[in-house]
Amino acid sequence: MRLSQLKKDWLGNIRGDILAGIVVALALIPEAIAFSIIAGVDPKIGLYASFAIAVIIAIVGGRPGMISAATAAAALLMVTLVKDHGLQYLLAASILAGVLQVIAGYLNLHQLISFISRSVMVGFLNALAILIFMAQLPELTNVTWHVYALTALGLAIIYLFPYVPKIGTLLPSPLVTIIVLSALVIALDIDVRTIGDMGQLPDTLPIFLWPDIPLTLETLWIILPYSIAIAVVGLLESLMTAQVIDEMTDTDSDKRRECKGQGIANIGSGLLGGMAGCAMIGQSIINVKSGRGRLSTFSAGLFLLIMVVFIADYLSVVPMAALVAIMIMVSIGTFNWQSLKDLRTNPPQATIIMLSTVTVTVYTHNLAFGVITGVVLASLFMAGRLREYMYIDSQYDESTQTRTYLVIGQVFFNSSEKFISYFDFKEAVDKVIIDVHRAHFWDISAIHALDKVVIKLRREGADVEIMGLNEASETLVDKFAVHDKPEKIEKVMGGH
Amino acid sequence: MQSLEKQWVTACLDGSNLTNDIIDYAAWIAEKVNSPLELLHSIEHSLLLANIDQTGNLVPNMADNLMAVLSEEEANENKLHIQEGKALLARAKDRLKGRPIKDVITKQRHGSLSECLMDLEDEIRVLVVGFRGKTTPEDETGISEQLEESIRALHKPIFIVNGDFAVPQSLMLAYNNTDGAKKALDMICRSPLFEDMTIHCVHAVKESGADKDILQQAAEQLSLSGRRFETALLSGDPQTELLAYQAKHHLDMTVMGAFNHGKLRSLFFGSFTLKMLKNNQKSVLLIR
Chain A
1 MRLSQLKKDW LGNIRGDILA GIVVALALIP EAIAFSIIAG VDPKIGLYAS
51 FAIAVIIAIV GGRPGMISAA TAAAALLMVT LVKDHGLQYL LAASILAGVL
101 QVIAGYLNLH QLISFISRSV MVGFLNALAI LIFMAQLPEL TNVTWHVYAL
151 TALGLAIIYL FPYVPKIGTL LPSPLVTIIV LSALVIALDI DVRTIGDMGQ
201 LPDTLPIFLW PDIPLTLETL WIILPYSIAI AVVGLLESLM TAQVIDEMTD
251 TDSDKRRECK GQGIANIGSG LLGGMAGCAM IGQSIINVKS GRGRLSTFSA
301 GLFLLIMVVF IADYLSVVPM AALVAIMIMV SIGTFNWQSL KDLRTNPPQA
351 TIIMLSTVTV TVYTHNLAFG VITGVVLASL FMAGRLREYM YIDSQYDEST
401 QTRTYLVIGQ VFFNSSEKFI SYFDFKEAVD KVIIDVHRAH FWDISAIHAL
451 DKVVIKLRRE GADVEIMGLN EASETLVDKF AVHDKPEKIE KVMGGH
Chain B
1001 MQSLEKQWVT ACLDGSNLTN DIIDYAAWIA EKVNSPLELL HSIEHSLLLA
1051 NIDQTGNLVP NMADNLMAVL SEEEANENKL HIQEGKALLA RAKDRLKGRP
1101 IKDVITKQRH GSLSECLMDL EDEIRVLVVG FRGKTTPEDE TGISEQLEES
1151 IRALHKPIFI VNGDFAVPQS LMLAYNNTDG AKKALDMICR SPLFEDMTIH
1201 CVHAVKESGA DKDILQQAAE QLSLSGRRFE TALLSGDPQT ELLAYQAKHH
1251 LDMTVMGAFN HGKLRSLFFG SFTLKMLKNN QKSVLLIR
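Chains A and B are the protein sequences, given in the same order.
Following the numbering used here, the numbering of the first sequence begins with 1 at its first residue and continues without gaps.
Following the numbering used here, the numbering of the second sequence begins with 1001 at its first residue and continues without gaps.
If we strip away everything but chain A, and leave its shape as in the complex, we get:
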């Protein structure tokens, strides 16, 4: 790391970064509390996590200006672990998830993000938005009308306050919502649930503590599935967010470093009594409006801790309705509304991939499953499409009694049956020439199909000659590294 780059990353935009940090910290507090409630732990677990993750990722992350903290995506994966085994196992799972992410960084697994198509990414965000919204429903069922009224008022303030002249753009509207609703509840003495009812708030600074669990293989088997899911989902959301921020700021980021950084941050969070987290798309976008450097992420974490420790007593009186309103805003803001309009114009395959990602995620509450479904579907569609790019032309020369097949295009597992079906095995000829110099044989299924055709033709009594096999099998690229060598690609793909 060059010193000057380090200086630019940290001190390139001090005023903007610190102001952005304060705005983000204010927004992170209700979210961290809400995500703790989703996971089923005390609010302080999410608050400590957001502090630890933001501060650590600011130093070790690969994408300056991106905000990482406790997130819904990660919290959703922890629910059953907390219910069945308790907080200590969650802390251990967070640490292990971090270790896995560091390993993923060393193994360059960040490169796999290229398999995630635009449709899968949109599906991921929409599913996340739906899950965040659904997580608010318990707060809105079996409650008095006061809660609905307060939530509606909260939403009105969130969306309308920015239009108030002058102060509208000075104060974050979610903060105004919290203050107004808390004041109302206290002044009118309305009996509704408050954050204080949801569990313990931080009363001290976080302390370094090893999770209190038996260090046995049995423990590992309990936490490992959760850790894997958290690690995968965390990296997915972080890398996607990094891509969004890269685009938005027109700068590059170090994805490998980001993977390792997410890991270190989660290990740190677990050791400081926090849950695992990852990057947050919404908060990161809020941040880049005025903050671009590492200082913005760092100060977001630091201000969060300062505010929380000093105002913990006041936080407990905030009605849950205010939190619900903010979470509905987060949900609405996360959802990609354009994708609904695109349903009509996008190719049907893109829509199927997006909707499958959403459906599987909402059903399993696990974004990893949704993304895997989307990636598999996208790959299948691609393989299906490539199958069309193969045909065989055939000619018969009567004087020499020779049938010539000219194979053009892509022969691979999905097109090998189609490849075989082009040959007329019933035709009685003396000689068959299979010209494959304009074909590409991508895998052993393709080679096997060719063998099959040759044997079958020979059995029918024809002499078979294959022309241009060397060129065709050059595409068995597993043998060569084609990447980075334009002339090689040109050779393989020439004629297309």
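A couple of the hints might just be wrong.
[Stated by the list, open to error] Calculated pairs, DSS-like style, for lysine-lysine (alpha carbon to alpha carbon, straight line, at most 27 Å): (1) B:Lys-1079 x A:Lys-8; (2) B:Lys-1134 x A:Lys-8; (3) A:Lys-8 x B:Lys-1107; (4) B:Lys-1183 x B:Lys-1275; (5) B:Lys-1278 x A:Lys-8; (6) A:Lys-7 x B:Lys-1134; (7) A:Lys-8 x B:Lys-1275.
[To be verified] What follows is a list of derived Cβ distance ranges for each label pair: (8) B:Glu-1072 x A:Thr-169: 52 to 58 Å; (9) B:Pro-1192 x A:Tyr-106: 49 to 55 Å; (10) B:Gln-1007 x A:Tyr-106: 36 to 42 Å.
Quick caveat, the hints were computed from the structure, so don't treat them as lab data.
Note that the structure is predicted; figures quoted are calculated from it, not measured.
Idealized CB from N, CA, C, for every residue including glycine.
Assemble chain B onto chain A, guided by the hints.
Below, chain B alone, put in the same frame as chain A:
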């Protein structure tokens, strides 16, 4: 020769008050070594944002909207910078009209100076930069960060312009037992740039008497090449002694190897190269 033809004497222009001198020095080098000349302007993007937004709420389609706003802002800003750069390069090209230089091209790139130079490294033969950039204050005595970064990033000869242009008649070669210095000596013996100059090959040591051989070898090499030269052995603090020698003999420029010591050493003791640059009144040619 084909490979050499693709290499340029590259002059970095940013509109500072040294601009004309940079152009003149670069033109002088290009003529002497019979190389084409490239005028480079880099457009640096800063992290600093003009607008600060304190509304912390998430609105629908925020990402797309923000993206549109940011690209619009940057597009306008960049258009302006590109215009300014184009004008600067055009003036530079004008100034070079009629000079017998093989070829003059101009180039604009986005990114910091060091980024640009790293991207272009393969096509650079000699780099010509100003000691002070446009944003460096006049009374600043230190070396600008941008320049230091570029010097460290680029492994090509770098000519650092520090003052008005005058065809150099003499130079001081700060010579010692390092690869950089030996490379510099080779270059002086070979390159037509130094044909008409008087070379003062100077070796400075902390304690007198040591290492006379080093100068002896250098002298042999210089006399073989047919250059006019003198040698001198100084004792004392190398930096002060070298600069004093240069001032005393009114030498027009300094040639030296750069960054011979490891990074760690420079971090603790400060780099000798940077100290020499900082305190030099004349232009310096650094050989990496």
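Against the structure, the hints:
A threshold of 27 Å between alpha carbons decides the hint, and for Lys-1079 of chain B with Lys-8 of chain A the separation of about 24 Å falls inside it, so the pair holds. This hinted pair checks out: Lys-1134 of chain B and Lys-8 of chain A have alpha carbons roughly 18 Å apart, not beyond 27 Å. Between the alpha carbons of Lys-8 of chain A and Lys-1107 of chain B the distance comes to roughly 26 Å, so the proposed pair stays at or under 27 Å and holds. Taking the CA atoms of Lys-1183 of chain B and Lys-1275 of chain B, the gap is about 21 Å. The hint holds against a cut of 27 Å.
Note on Lys-1278 of chain B and Lys-8 of chain A: the hinted pairing holds, with a Cα-Cα distance of about 23 Å set against a maximum of 27 Å. Among the hinted pairs, Lys-7 of chain A with Lys-1134 of chain B is consistent with the structure: their alpha-carbon atoms are about 20 Å apart, no more than 27 Å. Under the criterion of a C-alpha separation no larger than 27 Å, the hint pairing Lys-8 of chain A with Lys-1275 of chain B is consistent with the structure, at around 23 Å. For the pair Glu-1072 of chain B and Thr-169 of chain A, the beta carbons lie near 19 Å from each other, so the given range of 52 to 58 Å is not met.
The hint said 49 to 55 Å for the Cβ distance between Pro-1192 of chain B and Tyr-106 of chain A, and at roughly 51 Å that hint holds. Taking 36 to 42 Å as the suggested C-beta distance range, the pair Gln-1007 of chain B and Tyr-106 of chain A conforms, at roughly 39 Å.
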